[in-house]
Amino acid sequence: MDNRYYFFLLAVMAVTTYLVRAVPFTLFRRKIKNPRVKAFFEYIPYTVLSAMTFPAMLYSTGSFIGAGVGSVVALILAYRGKSLLIVAVGTCAATFLVSLLQMFLPF
Amino acid sequence: MVLQKRMTFNKGFKDGLIIGAGYLSVSFSFGIMAVSNGLTWWQAVLISILNLTSAGQVAGVEIMAGLGGPIEMMVTQFVINMRYSLMAISLSQKTDKSMTVPARIVNSYVITDEIFGVASSQESVGFKYMTGLGIMPVAGWTLGTLLGAVMGNILPAVVTTSLAIGIYGMFVAIVLPVCRKSKTISIICIMAVLLACVFRYVPFLYAHISSGFAIIICAVVSALVGVFITPASELKEEADG
Numbered sequence: 003m004d005n006r007y008y009f010f011l012l013a014v015m016a017v018t019t020y021l022v023r024a025v026p027f028t029l030f031r032r033k034i035k036n037p038r039v040k041a042f043f044e045y046i047p048y049t050v051l052s053a054m055t056f057p058a059m060l061y062s063t064g065s066f067i068g069a070g071v072g073s074v075v076a077l078i079l080a081y082r083g084k085s086l087l088i089v090a091v092g093t094c095a096a097t098f099l100v101s102l103l104q105m106f107l108p109f
Numbered sequence: 010m011v012l013q014k015r016m017t018f019n020k021g022f023k024d025g026l027i028i029g030a031g032y033l034s035v036s037f038s039f040g041i042m043a044v045s046n047g048l049t050w051w052q053a054v055l056i057s058i059l060n061l062t063s064a065g066q067v068a069g070v071e072i073m074a075g076l077g078g079p080i081e082m083m084v085t086q087f088v089i090n091m092r093y094s095l096m097a098i099s100l101s102q103k104t105d106k107s108m109t110v111p112a113r114i115v116n117s118y119v120i121t122d123e124i125f126g127v128a129s130s131q132e133s134v135g136f137k138y139m140t141g142l143g144i145m146p147v148a149g150w151t152l153g154t155l156l157g158a159v160m161g162n163i164l165p166a167v168v169t170t171s172l173a174i175g176i177y178g179m180f181v182a183i184v185l186p187v188c189r190k191s192k193t194i195s196i197i198c199i200m201a202v203l204l205a206c207v208f209r210y211v212p213f214l215y216a217h218i219s220s221g222f223a224i225i226i227c228a229v230v231s232a233l234v235g236v237f238i239t240p241a242s243e244l245k246e247e248a249d250g
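As you go down the protein sequences, you meet chains A and B in turn.
For the first sequence, my numbering assigns the number 3 to the initial residue and increments by one for each residue that follows.
For the second sequence, my numbering assigns the number 10 to the initial residue and increments by one for each residue that follows.
No wet-lab data here; the hints were simulated from the structure.
Dumping the calculated BS3-like pairs for lysine-lysine here, alpha-carbon to alpha-carbon at most 30 Å:
hint : chain 1 : residue 1 : chain 2 : residue 2
1    : B       : K106      : B       : K190
2    : A       : K84       : B       : K20
3    : A       : K33       : B       : K103
If the Cβ cut is set under 7 Å, some of the chain A residues that face chain B in the computed set are:
hint : residue
4    : F27
5    : T28
6    : T55
7    : T63
8    : A69
9    : A76
10   : L87
11   : V89
From the three backbone atoms N, C-alpha and C, an ideal C-beta is built for every residue, glycine too.
Could you put the whole structure together from the sequences, leaning on the hints where they help?
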């Protein structure tokens, strides 16, 4: 790829991405007083994470079944209140084992 | 005081480890994708260092590969990454006094879905914590891109893909405990997932609405419903506390 074209588009891309984050974060500093607006911004993190996780989680690995088992393990561990690290490691391990099994078993 | 500050930084750093590990595998596939689209390894790495976003970068590389123009690049990045604006305002509600204007100019750079998710699960967010939190994700994101671009085919796929799911496990671990405590939050989270399923499984929507934009719609609609269904008495309590 031509370097001049690359650097020009990279600059446009990076500046846009940065400003989308920095402008609201820098200018919007006051605490919201209105209880409904406040509640909205309290809910947003959880609805964003939920929408990002399912169903995308099921397609995040090469194996739908492996990812499905990993998701169930994640839900059980998280429901039991395990730490972020334990849940993440458990999810990876379960997915890895199932994916590995699938490579050797005929289903 | 100094000790407390260092501990805050260390806590952020530790919380960032899982995100960094998750980013390593996600950016690994970005590295492979960028090189297969005609970029060199250093061009791919530079994109990752300067943007620190997954969906936006994939779209950006596709535009570069198609020799698209700057307007197309700007509009695409704006739409896909608009959710960061929402997250920035939400995070602003949790920042403490150490989050001065220069601190915000620095920390803005690390507002990503995952870092936001972890940061907003904290009681309050300061400059030290946020800076510590960002280090490993930036390192993992950059290193993963480099590794993917240089040696994508060496590691067995079963290893790299199994690492990619860990980050979602972490999201589940953030959301589920909160759902157990709040009925409203559990309702709106289920709703957000159902809406996300609609965007994923209705072919027309899946083909025409980018994943970044779909996330904004699902999250905003569900959160608005949450505001609507929360009893006024509960709202007042939250406002006081």
